[in-house]
Amino acid sequence: MGNVGREGVVSGMTVGENTADLRRAILEVIGKGPDQPRDDEAFNALALRLFAYQFQANGPYRKFCERRGRTPDAVRSWLDIPPVPIAAFKELTLACGPEEQAVACFMTSGTTNPEKRGKHYHFTLDVYDASAQTFFEANVLPDTGRLPLLILGSPPDLMPHSSLSHYLWVLSCRFGGAGRSFYIGKDGLEADRLVADLRGAEQAGTAICVLGASFAFVHILDVCEGRGLRFRLPPGSRVMDTGGFKGRSREVPQEALYRLIGEHLGVPADHCVNMYGMTELSMQCYDSPLRRRHLGRREVRTMEAPPWARTIILDPETLAVAPEGERGIICHYDLANCSSVVGILTEDLGVATPEGFQFLGRVGGAESRGCSVSVDEMLAAAGKSPA
Amino acid sequence: MNSNDERGSFLPPEIQAEAGAGRPTAALVAEVAAGLSAAREAYLARLPVAEIVEILDRSVGLWLEAGSPWLDAACRRIGATTPYSEAMVRVGITRLLEGCRKDGLLTLLEAELGDPEVLDGFRPRPGARGSHRALGPALTTHIFSGNVPGLPAVSLVHGLLVKSANLGKPAADEPVFAALFARSIASVDSRLAAAVAILPWTGGDAAVEAAAFAVSEAVIAYGSDDSIESIRSRVPPGVRFVGHGHRLSLAVIGREAMDPGRVASLAERVAHDVSLFDQQGCVSPHVVYVERGGAIPPEAFAERLGEAMAVFERRMPRGRLTTEEGAAIRQARAEAEFSELRGDRDRLFASPAGTAWTVIYEVDPAFVSSCLNRVVRVKGLADLGDLPDLLRPVSRHLQTVGVALSPERRNRLADLLAPLGVCRVCPVGEMPHPPLHWHHDGGFSLLPLLKWTAIEE
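As they're listed, the protein sequences go chains B and Y. Sequential numbering of the first sequence, starting at 1, is according to this note's numbering. Sequential numbering of the second sequence, starting at 1001, is according to this note's numbering.
FYI, nobody ran anything at the bench for these hints, they're computed from the structure. Ideal placement from N, C-alpha and C gives every residue a C-beta, glycine not left out. Not one of these hints is a red herring.
Derived list of chain B stretches under chain Y, where covered just means 3 residues or more per stretch with a C-beta under 8 Å from a C-beta of chain Y:
1) 88-94
2) 316-325
3) 341-349
Based on the sequences and whatever the hints tell you, model everything.
Right under this line is the structure:
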C-alpha cells in the first residue's frame, strides 16, 4: 500500500478542491490525538460538512436521503444524517467518486452469500491510515512505543481487498519497527513458524504483541492444546484480537478466549484487547484494559470509538437513540469515512455504556416463537452456517 | 381467577396445595400422573364418546358466549404476558374454538374413525371383518408452544376425545391459556376435568420430562425442530409420539382471481393470513406468488397488499418485538430498499414509521422464508407449473398453501404440490383457520393416538 509513509499527501484527483479541504479538516481532528477533549460542536459541524459533500458526490446515497426528506438543507444535527444500512454496500456503489479512480476497494468476506460482497471504495487512504494508527497506538500500545508484532493475518498482497489486511499492514509498518511478521500465508496458518517465534520471544525475554483475527487465535490455541505447548510470554506482552469467528473456527466466547490465551500464551486478560472494525468503516473501536489503565479509568469491558467518531444504539422499532442500558442496533458516525458515507447502520446488536458500547452479537439470531421458521433457522437446518 | 391461574397451572386442589409455588419435580409429576390415571379410570374411560363431545361443546361454548369472562380473562392476560395484541388474541382464540364445537368434534371423529363408537366398545367396521375397538392412551403428555393462542385446546380435545388423561406443559411465553381452558371444562364437569392437569415445568427439564414420559402412552409436542428432536430422542420406545415442528406456508394467486373489482377484498384476505399471529403460525404465509398476465400485475398487487396490511394493523396491531426481531425487519427492508434503488424493479412497501408491516415485491421468484412479524414477499409467477421447482428446496418444511384459483387449476396445483409435502390447500383468507379435522403436517390427529383390538369371528 503506497500511502503508508506518504503522510500529508492528498491525492488531488478530479474530485475537487472541496474534497481536499474536507480531508485536511478530518486529518486535523485525528491529529489532535486520541485524548483530545470531546468537542460535540466541532464534530457536528464537520459531520454536516461531510454529509453535504457526500450527498452531492454520491448519487445512490442522495436518493436514499431524499426518500427520507433528509437533505443537507434540512439536517442540522449529525444525529439526523441518515445512516446507511451496511446491506447497501452489497447492492450499490456507495462511493464519492468514480470507481476506477479508487486507490483501494475493501470487500466484505461474503460469508452469507459469496456472490454478494459489500464493496467500500477509498479515494485516499491517508485518513484511514491516520485513524487506524492513532487509535491503535492509544489502545494497544499506550504504555510503550513499539513492539515486535506477530500478526495472525495475511499481508495485503495476498488479500488486496481485505480492510483487515490493510489495517494490519499499516500498523506493522508504523509500530512493528522492532520486527513484524504475518503468519497466514498462501497455505493458511503457519503454525510451526509462529510456535518457533513465540518460543524465541519467550527465551529472549522481549515483550511482543500478537494480533489478528479471533478465529486465528482459536486455531493457534488448538495447536498449543494438541501439542501440549505452553508459553510464558515476557511481561508487557499483549494480544489484540478482532472479528469474531464466522464459521472459520469453533465459536469461543470472548472471556473463554482470553482464559485460553492466559493459559497457553501466558498473557493475562488485562493485556488482551478486542478490536471492533468493519469493512464499511474507516475507524476502529477498541475494548482495551490497557488504555483504561493508562487513563486511570474503571476496569470494565466496553468498546470505545475514537474522538472522530460517535457510536449510538438505535431502537429498531423507531430508529431513535435507545436509552443507555437498552439493547438496540449499533450505528456509527465516522468522520474518517470520507470516501463513502459518514453514517453506517450495522447488522450488530449492542448496548450503550457510560464510556461507549458493548457488542452483543449479530442480528439474525431471532428465533420464531413456535412452529413457523425464519431465515437463519432454515440455514441452520440446511447445515449452513449463518454469518 | 386464583393463584393457580397466575402460575398457569391446573392441578387437583390437594396436590396444588402441596406443590405450592416451588418448581415441579419428578416426584410431583409422578403423583399428578397417578391422580390423573385414577380419575380417568373412575370416569372418563367409562364415558361414551358422545357425552364427551357434549361436555366439550358446552365448555367451548362458555368461551364463545357474548361477553364471555373466560375469553376476556384469556385475552387480557395473554395480551399482557405475550407480545401479541389483545385484539389479535381474541380473534385467534375465537376462530380456533369455533372449530371445536359439537359439529367440528363430530366431523373430526367421523373423518378419522368412521364410527366414533369404536371408542366405546367393539363395533363392526365397514369393509373389515370382525368387530373392532379403539383405545386411546391411558395418559398423554402435551408440550405446548406459545405461538398460536388457543392451540392447546385442540391438543387437549384430541386427548379427551380418545378418553386419555392429559398432562400438559404450557409454553414459557404463553402460560395462560391451557390452565384456563382446563378450568372451563371443570366448571362444566369437574370429574372429566380431573383427568386433565396443567403443570408449568421448565422446557427440557430432563428429570421432570423423563418422569412424565415414563408414565405416558403418548407424547404430543409443538415447537421448533430442535425442541421436537430433543423431545423425540427422550421419549421411551413404545410410547406414541406426535411432533409438530417448523413449517412454511405460502399463498398462490392465479390470474383469474385478479379482478380489479375484487382485488381489495383479495388483498384483505391475504393480509389477514399474513398478519394474524404476527406470522408466527406454521400456517402463516411467507411468500405470495402472483401469476402474471392477470388484470393486476404482481407489483401492483404488492402495493394493494401493503394497504390492506396497514388497515389490518389499525384493527389488530402487531405485537411487541424483541430487539433481534425488530433489527431483522430493518435488515430485510434495507436489502429490499437498496435493490429498489439499484433499479432492479424490486419494490419495498412498508409502514412509514416503525416496523408494523412490510411487503417486498421481489423479481427473483425463489422462495425466501420471512424473518416473520408481518414481513411478506410478493413474487411474480409466469406459470403455476413453475412452483414445484421453486418450492423443492424447502419441501421438507412445506405445509399450507392458500390459493385464489379456479377449482380446476387449484386441483391441478394440489396434484403438483402434494408430493412436495404440502398437506393443505385452502382459500386465501382461511390459512390461519384450519378445520379441526385437517391433516396437520400430513397426518391424522386421533388415529396416531389409538391402539386397536379386533375380534375375529
